[in-house]
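**Q** Sequence:
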Amino acid sequence: MYRGASVGVVIPAYNEEGFVGDVIREMPTYVDRIYAIDDRSTDGTGAEIREAAREDAIENAGRGDEVGKRLAADGGASALATRATVGDAIGRVVPIEHRENRGAGGAIKTGYLAALADGVDATVTVDADGQMDLSRMQRLLDPIVAGDAEYAKGNRLLSREYRAAMPRFRLVGNATLTFLTKIASGYWKTMDPQNGYTAISHDALAAIDVPALYEYYGYCNDLLVKLNVHGMRVADVAMPAVYGEEESSITYSRYVPKVSLLLLRDFLWRLRTKYLVLDCHPLAFLYLFGAVTVATAVLGAGTSLGSALSSGGVPAVRVATSLLLLVAGIGFLLLAMVFDMAESEPLETQVQ
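The sequence shown runs contiguously to residue 352 in the UniProt record's numbering.
Any given hint could turn out to be false.
To be verified - Listed next, the in silico EDC-like pairs over lysine to aspartate or glutamate satisfying Cα-Cα at most 20 Å (straight line):
1. Lys189 x Glu348
2. Lys189 x Glu345
3. Lys189 x Asp148
4. Lys258 x Glu215
5. Lys189 x Glu343
I should point out that these hints are in silico values taken from the structure, not numbers from a laboratory. Small disclaimer: the values here were computed from a predicted structure and weren't measured.
With the hints as constraints, model all of the structure from the sequences given.
**A** What follows is the structure, encoded as structure tokens:
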């Protein structure tokens, strides 16, 4: 328990032999339950999880017993049964094996389903590669247990020192996806959306549709969009990352375009759901009108360019009209963003 709240930790693991065992053994003593998800690894990850669990059970005898009784009673919730095999708890560790490889997002989803079945108050996600400083977990839990936020996430971009420690190629990709996620999610102050060090309350998990969460690496971006639609408060917590011998499995040439398309779909879904279905807010129409106006201006500019290439000249009025439409469209989009920022501002906090 941490400050009167039960704590579960989800550890997604795919071919993390040599790393995941240390993560389990170093888990803080206040953690009640550890959901270690073996995502169909081809190495000794599963065996290492069970061995580390046995060692942890000796060191933390009795931890997680009360939480574990609920999950063991139903053999894992029905949503879990279709995707994974839930092993018997070894102390506070629940070994979970996927029936097929589902990726990082799929493993997080499985862990969230287990946490919901257990009814833990706060669920933390920790990578199995040892990049996350477990001694700082309390910084993520504090906003949750204090009732200041329903979701807390690490942010490696708040501090200049932390940014300097991030490899250059990761920093550029992260900055790009940060900007796109701000637009898609509505959390305009929140940065470093790819950070997998997070904590979420039971109420937030119960409110969102966990089985419908995206399962590729963009799961964290998709989750932010869902949280915003449900009016959940988010705390952005300054947090360093530890880069060691592990290798990233992300192929950025495919990762960024794929997640960008996801964010576009999520953005349109958020506007429709939050500002048209659940409410009627003018910013949805401003976004629409601005997008149509900019598209019309670009189309007009393209037509003018084609005419110039074929006839050697373009009427000045056509050029002026396209330019005027472009400026007006951008103005409408910026105004919509200002409204969007104002709507979500009470939902965001930053913790240095």
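**Q** Compare the structure with each hint and give your call.
**A** Results of checking the hints against the structure:
1. Lys189 x Glu348: holds (7 Å)
2. Lys189 x Glu345: Judged against 20 Å, a Cα distance of about 8 Å means the pair holds.
3. Lys189 x Asp148: holds (16 Å)
4. Lys258 x Glu215: holds (12 Å)
5. Lys189 x Glu343: holds (12 Å)
Against the hints set out earlier in the document, no violation occurs for any number.
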